[in-house]
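J.: Residues per chain are reported as follows:
Number of protein chains: 2
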Amino acid sequence: MSYESYFQKYREQHLEELKQLLTIPSISALSEHKPDIAKAAEWISNSLSSAGLENVEIIPTKGHPIIYADHLHAPGKPTVLVYGHYDVQPVDPLHLWDTPPFEPTVRDGKLYARGATDDKGQLFLHIKAVEAILKEEKELPVNIKFCIEGEEEIASSNLPPYLDEHKDKLAADVVLISDTALLEPGKPAICIGLRGLCSLEVTVHTANTDLHSGTFGGGVPNALHAIVSLLASLHDDKGRIAVEGFYEGVPELTPTMREEFAKQQFNEDKLKADLGLDTLYGEEGYSFVERTGARPTLELNGVYGGFQGEGSKTVIPKEAHAKITCRLVGNQDPQDILDKIEAHLKQHVQPGAKLNIVQVEKARAFTIDPANPMLQKAADAYERVYGTRALFTNDGGSIPIVETLSRVLDAPVVMMGFGLPDENLHAPNEHFNLENFDKGLLTIVDYLKLL
Amino acid sequence: MSYESYFQKYREQHLEELKQLLTIPSISALSEHKPDIAKAAEWISNSLSSAGLENVEIIPTKGHPIIYADHLHAPGKPTVLVYGHYDVQPVDPLHLWDTPPFEPTVRDGKLYARGATDDKGQLFLHIKAVEAILKEEKELPVNIKFCIEGEEEIASSNLPPYLDEHKDKLAADVVLISDTALLEPGKPAICIGLRGLCSLEVTVHTANTDLHSGTFGGGVPNALHAIVSLLASLHDDKGRIAVEGFYEGVPELTPTMREEFAKQQFNEDKLKADLGLDTLYGEEGYSFVERTGARPTLELNGVYGGFQGEGSKTVIPKEAHAKITCRLVGNQDPQDILDKIEAHLKQHVQPGAKLNIVQVEKARAFTIDPANPMLQKAADAYERVYGTRALFTNDGGSIPIVETLSRVLDAPVVMMGFGLPDENLHAPNEHFNLENFDKGLLTIVDYLKLL
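Protein chains in written order, with this note's numbering: chain A, 1 to 451; chain B, 1 to 451.
Because the hints were derived from the structure by calculation, they are not lab data.
Note that the structure is predicted; figures quoted are calculated from it, not measured.
Positions of the beta carbon are idealized from the N, C-alpha and C atoms, including for glycine.
Mixed in with the good hints, there may be bad ones.
Said to hold, decoys possible - Derived lysine-lysine pairs resembling BS3-like cross-links, with alpha carbons at most 25 Å apart: (1) 313/B / 34/A; (2) 313/A / 346/B; (3) 362/A / 340/A.
Stated by the list, open to error - Simulated restraints, written as ranges between beta carbons of each label pair: (4) 257/B / 308/A: 34 to 42 Å; (5) 208/B / 250/A: 55 to 63 Å; (6) 208/A / 407/B: 50 to 58 Å; (7) 354/B / 244/A: 45 to 53 Å; (8) 247/A / 256/B: 55 to 63 Å; (9) 354/A / 426/B: 22 to 30 Å; (10) 208/A / 310/B: 23 to 31 Å.
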């Protein structure tokens, strides 16, 4: 039986199984869902076992458990490590969901549920692909390992120590992840670049109490004046980051890279219309895909201080706050960048204001050479199933664990995504287009065979 | 009997009466206290009647009632209009009060209650001063009118139309108000300047939705970047307001005015220590009392946008907000200032950001020439009772009704305050020092006789 026929035959059964998994509210961020996390881990490990995988383990961590499984009976063949996660994002605001987030529903060829595409649905494809090959051929064309975590949505803090400690056990020739998206329906993409991330929280303090703007206004420092002038100093008036040395380690775009970006034929006018913007904005001299794919950023994610209620309050606030994240590219070192920003802030703060800075996240950018045969074979697999060769793209986002997996296991990472950009990840009405569910199964089988 | 003896004799009775008034929670801001407002108005009108005042009226308004009363039997003598208010501020946070706000208590020569000094206690002095003269001398040395409102703590919106409509009825040679403070115990002051006030709310909009900083960061406008750079542009780096034409109508300080400020011998080092500041901050070339007493300001009272919760959120916010108030001096016109700020904001807003500006409050500054005989006689009265001549001071705050009274009635306003700067107006443990209760009664009697 061809794999098309096989997956056709078991389609309803597979969907029923996936729906079972999707009914488990395994929200990693909320401690009241700890039992659901355990239930989801149990479900995944059972599913791996019944697919024919061996050495299935649920490994407790300080946080949520990691699941390991393998099938290592293809001596001389490459070893593939499949990474995925069984935890999901919170579901607020609940009233915006058309059907409840943990009652999976198919409408118009799309499966709606929290986790449908991120990442339970995509992870499930790998389990079913392996199961299919084992059922049909009794053996796998590669050695395979699964490493599934339950903390991806809360920064994967317990996986890196586990990777460090079990490097040999997890050793692989390629890491395979399905947790990204096609460019658009029918247009597959393999992500070869992710930006790094670093973040900090800044507080400005002035007086020891809020002051009346009548009695004191004009004569004492105002924490809000101090913070807005400080934050404004972080960019020049062309949108370029004004922190000294910020761009060290940022590779200049080569003509080849610019051609690759141009191939995406990104429609900036459509984006402007979609977002209701008169104009895009960013560093001069770069297109939107270049700015988000290959340039670093420094973004204010939150700024607040003083009175926020209705009406007015004549107060001079004693403190003000900012939350800042940077996306990093190339060889920018997150620690170095945070230190440079901190130095800039200290140098530019207004007299009478005191600074408190907390450095939070630190993750390097990830890049891989698209010439790597592991990637080329993935593009081949997509081409055979979708009829279109996958483009190699740079994504503006950050998946810190990808850089960690690549570095610790010293293996190429293939991000073979089957989502779509509008599937409402982290938002109400998350869904997974079943066309990519079907093609995803075939692409994975094909890829494993091509290896 | 001397007035000292008279007030000594009736002291306990007077305090008991004032305590009655202070038990009424006439909080104008909270609609559930409307019956208490009515009760307080009733109490004041009864008190005016029994003091011997005539034509006592409780005048309904769209908001809380105004009380009028007069005693006009001194032909050829000046007419004094006493202004005061019987409403009080809310009392939160209640747990910080040592005794309940509406259970008046005397401790260490201070009467503790909400409204003790602002303004029930100070208003009460005028009623009892007039009563004393009528009891002792059967006639008053002046014609007197009372105009008492119940909305001072909520911006006096219904008094100005009443003043406009009853200009003739309220006509006076001097407006007398006790709703301010001495400089410190034993050091009386007459306020001859109040800053004006204008305010606006600014919203910056960018995209029609919050965006993910990975996918979009660096390529789209960020409402927080737009607002911080816009707000930072409102001042130069010396603390001077950078809005074109802002300082038009601001009188330069004359050597005489500077001498008057210097007489206050204000201790800036003590202020710094009290507020926990390394340094004061403001427009270059001016002392603290000059900055707050004679210079205009533009203060940010609130700025907010984006994520404010714990941890970080990689969001590019679609909107950001600012609340701004200006204190005005001299001939600055609030409408003109608001228009200039609006023009500045429109000119400086970053590409890709849209502005929404709402103008809110508009009140002119108040000033009076201290050479005015009505003020000189007030200083004389203080000198005779306190042994120290009152200083003429400029207050940084704004009491819009003072400028309105002065303008509509075309009369000098004498702010004869008997509070103290640390009596916790608008805060828990508001109190009134009874030394100034006693001296206030005598000063008012003396002033009415001097006129």
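J.: Could you check the hint for me, namely that residue 208/A and residue 310/B are 23 to 31 Å apart, CB to CB?
T.: Once the Cβ atoms are compared, 24 Å apart, the range 23 to 31 Å for residue 310/B and residue 208/A holds.
J.: Could you say whether the range 45 to 53 Å given as a hint is met by the Cβ separation of residue 354/B and residue 244/A?
T.: Violated - the Cβ-Cβ distance for residue 354/B and residue 244/A, about 32 Å, lies outside 45 to 53 Å.
J.: For the pair supplied as a hint, residue 313/A and residue 346/B, confirm whether the alpha-carbon distance does not exceed 25 Å.
T.: Distance ~24 Å between residue 313/A and residue 346/B Cα, so the pair holds.
J.: Are residue 208/B and residue 250/A spaced within 55 to 63 Å by their CB atoms?
T.: violated, 31 Å
J.: Taking only the CA atoms, is the gap from residue 362/A to residue 340/A under or equal to 25 Å?
T.: holds, 14 Å
J.: Kindly confirm whether 55 to 63 Å is satisfied by the beta carbon distance between residue 247/A and residue 256/B.
T.: For residue 256/B against residue 247/A, whose Cβ atoms are near 57 Å apart, the range 55 to 63 Å holds.
J.: Does the Cβ-Cβ separation between residue 354/A and residue 426/B fall within 22 to 30 Å?
T.: holds, 27 Å
J.: Does 34 to 42 Å hold as the CB distance between residue 257/B and residue 308/A, or does it fail?
T.: For residue 308/A against residue 257/B, whose Cβ atoms are near 38 Å apart, the range 34 to 42 Å holds.
J.: If I claimed the Cβ atoms of residue 208/A and residue 407/B lie 50 to 58 Å apart, would that claim hold in this structure?
T.: violated, 39 Å
J.: Has the given pair, residue 313/B with residue 34/A, been kept, meaning a C-alpha gap of at most 25 Å?
T.: Judged against 25 Å, a Cα distance of about 22 Å means the pair holds.
Hint compliance for this structure: hints 5, 6, 7 are broken, all remaining hints hold.
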